[in-house]
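J.: Heads up: the sequence lines are chains A and B, in that order. Counting along the first sequence from 1, when you hit position 155 you're at 155 in our numbering, and nothing is skipped either side. Counting along the second sequence from 1, when you hit position 86 you're at 86 in our numbering, and nothing is skipped either side.
Do not take every clue at face value.
Unchecked claim - Derived DSSO-like pairs: lysine-lysine, alpha-carbon spacing no greater than 27 angstroms straight-line:
#1 A/Lys92 <-> A/Lys237
#2 B/Lys188 <-> A/Lys249
#3 A/Lys151 <-> B/Lys74
#4 A/Lys306 <-> B/Lys248
#5 A/Lys176 <-> B/Lys135
#6 B/Lys249 <-> A/Lys133
#7 B/Lys237 <-> B/Lys133
#8 A/Lys302 <-> A/Lys92
These are calculated hints, taken from the structure and not from any lab test.
Number of protein chains: 2
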Amino acid sequence: MKIGLDVLGGDYAPKSTILGAIEAQKSLSGDQRLVLFGDQEDTIKRIAEAGADPSLFDYVHAPEVISMHEHPTKAITQKPNSSIAKGFEHLKNGEIDSFSSAGNTGAMLVGAMFSVKTIPGVIRPAIATNVPKLKESFGILLDVGANADCKPEMLNQFALLGSLYAEYVYGIENPKVGLLNIGEEEEKGNALTISTYPLLKSNPKINFIGNAEGRDLFSDHADVYVCDGYTGNVVLKLAESFYVVTLKKGFKDDFFDRFNYEQYGGSPILGVNAPVIIGHGISSPLAIKNMVLLSKGMIESKFIDKMKTAFN
Amino acid sequence: MKIGLDVLGGDYAPKSTILGAIEAQKSLSGDQRLVLFGDQEDTIKRIAEAGADPSLFDYVHAPEVISMHEHPTKAITQKPNSSIAKGFEHLKNGEIDSFSSAGNTGAMLVGAMFSVKTIPGVIRPAIATNVPKLKESFGILLDVGANADCKPEMLNQFALLGSLYAEYVYGIENPKVGLLNIGEEEEKGNALTISTYPLLKSNPKINFIGNAEGRDLFSDHADVYVCDGYTGNVVLKLAESFYVVTLKKGFKDDFFDRFNYEQYGGSPILGVNAPVIIGHGISSPLAIKNMVLLSKGMIESKFIDKMKTAFN
Numbered sequence: 001m002k003i004g005l006d007v008l009g010g011d012y013a014p015k016s017t018i019l020g021a022i023e024a025q026k027s028l029s030g031d032q033r034l035v036l037f038g039d040q041e042d043t044i045k046r047i048a049e050a051g052a053d054p055s056l057f058d059y060v061h062a063p064e065v066i067s068m069h070e071h072p073t074k075a076i077t078q079k080p081n082s083s084i085a086k087g088f089e090h091l092k093n094g095e096i097d098s099f100s101s102a103g104n105t106g107a108m109l110v111g112a113m114f115s116v117k118t119i120p121g122v123i124r125p126a127i128a129t130n131v132p133k134l135k136e137s138f139g140i141l142l143d144v145g146a147n148a149d150c151k152p153e154m155l156n157q158f159a160l161l162g163s164l165y166a167e168y169v170y171g172i173e174n175p176k177v178g179l180l181n182i183g184e185e186e187e188k189g190n191a192l193t194i195s196t197y198p199l200l201k202s203n204p205k206i207n208f209i210g211n212a213e214g215r216d217l218f219s220d221h222a223d224v225y226v227c228d229g230y231t232g233n234v235v236l237k238l239a240e241s242f243y244v245v246t247l248k249k250g251f252k253d254d255f256f257d258r259f260n261y262e263q264y265g266g267s268p269i270l271g272v273n274a275p276v277i278i279g280h281g282i283s284s285p286l287a288i289k290n291m292v293l294l295s296k297g298m299i300e301s302k303f304i305d306k307m308k309t310a311f312n
Numbered sequence: 001m002k003i004g005l006d007v008l009g010g011d012y013a014p015k016s017t018i019l020g021a022i023e024a025q026k027s028l029s030g031d032q033r034l035v036l037f038g039d040q041e042d043t044i045k046r047i048a049e050a051g052a053d054p055s056l057f058d059y060v061h062a063p064e065v066i067s068m069h070e071h072p073t074k075a076i077t078q079k080p081n082s083s084i085a086k087g088f089e090h091l092k093n094g095e096i097d098s099f100s101s102a103g104n105t106g107a108m109l110v111g112a113m114f115s116v117k118t119i120p121g122v123i124r125p126a127i128a129t130n131v132p133k134l135k136e137s138f139g140i141l142l143d144v145g146a147n148a149d150c151k152p153e154m155l156n157q158f159a160l161l162g163s164l165y166a167e168y169v170y171g172i173e174n175p176k177v178g179l180l181n182i183g184e185e186e187e188k189g190n191a192l193t194i195s196t197y198p199l200l201k202s203n204p205k206i207n208f209i210g211n212a213e214g215r216d217l218f219s220d221h222a223d224v225y226v227c228d229g230y231t232g233n234v235v236l237k238l239a240e241s242f243y244v245v246t247l248k249k250g251f252k253d254d255f256f257d258r259f260n261y262e263q264y265g266g267s268p269i270l271g272v273n274a275p276v277i278i279g280h281g282i283s284s285p286l287a288i289k290n291m292v293l294l295s296k297g298m299i300e301s302k303f304i305d306k307m308k309t310a311f312n
């Protein structure tokens, strides 16, 4: 197993990514190798300086950086030696089994779609994230930004992608799917959700439990919450800001702790032909470590095969 | 001044509404009368039982109740003796200067649009709500549910309606308007927000400061946040659920306190020819009191005239 990691992605890269990689490596077995994409010489130097053994890692020299505000498509094509472009080149060629980065989200999305491509039958990939549940554990929310405008058929597919992710990567049996909406009744909502409801209701591959309102998101109402990428992104950033407030105010609590993105590692792009994970821009070493372990989990669970079968 | 109040609206009506009316009345001057819509005999009896003087109030006998889950349009037409139907009849005839209720939101919206009607030039009214700011005070968010699907021109009008409300009812000078969106840059967003941005940018009647992300909602980024009613409703209910969590956990704080809907009284329907306010279904006496005082503030500020002039 070869787990690809972009060493240059994220606000605190490469320091944070390298420290995270070192921690993650300790949890890997002998046949599981971390492949680091970045400035090879610098990476090796930093690993040694941190007191770790550079020979425990594989390297691909890719010294260019795609910064957070670059145009995704342009950056990918104009910077073939960037860590993200190189990562997807290797992912496409099967030289690595997964690729993750805390760098430019758009470049990760474009890179995934142009290299390993969307799974046949999937209209558009979606980005999923974890949302904490009040009592324990967490749910999955998607899409959180890959598709600002959605069609009902896309939301119906996101429901299945989210269900498969919850089931096979997190072991949530027969995950309950809720449609993020503004009212409990079937006829409530906007044009998109009203048209989506009957599709979800008649989809035999998911366990649809009906509409979920904003207030249900942290409850045990559902395990998978489906919405368009505009709404999901607004909701995600709002929830994050609330968590930041509780941190600043010094309110410690199990529930608030479950908002911490570090423990989830990152947000996978569901619906593409390989495990691809986008980390939070501010990823700490712990977040990077968990992003690597999530990659490992996605490879081991043969999640991509599950998606391919479901959309066959 | 005649301030109309539905005594029968809300989960805890009529007890909560009558106690709230009694408290509100203490803040009114001699020429300001509360007009109570409900079962007249029962209302008078309850006021006396609470130790207040029933002669301080005016009454309109309207014993029928439109419950929370009735179909708005049907209920309004089939229950002419309901407190909401009677309220709007009196508002239309100029016998009261404002009408508010913690009852069926849809019936309030339909009632307002069919009786006092939308202000000429306004495409669709919007429901506004208060969102607390981290440091102090609060901002205005709209639409939070009147229009699940919106056109750019509607959002452009909501920006003006919200600005007028912030300025004339809450005294916020030159209120900053933010477009709720998923990215800071002008070109980011979904089809609706991308098309709305240039309209807001070139609208000379508002102080547009650009996009606002989910994480900006509680900051001092803007005073008025504009979005479609689907998104606004999801955001509102999510924020409410956060507040409920902090209450349950016993986390007391000035900021969290500002989430308490009771202090704001209710959500006005902006863009109709009279002050109409919808209270939270669970309105307490304090919330009802503040809904009456908000009605008074909307009448005194001649807010309706300000809207009419702005859309002329």
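J.: Of all the hints given earlier, name the ones this structure violates by number, lowest first.
T.: The structure conflicts with hints 1, 2, 3, 4 and 5, although it agrees with all the remaining ones.
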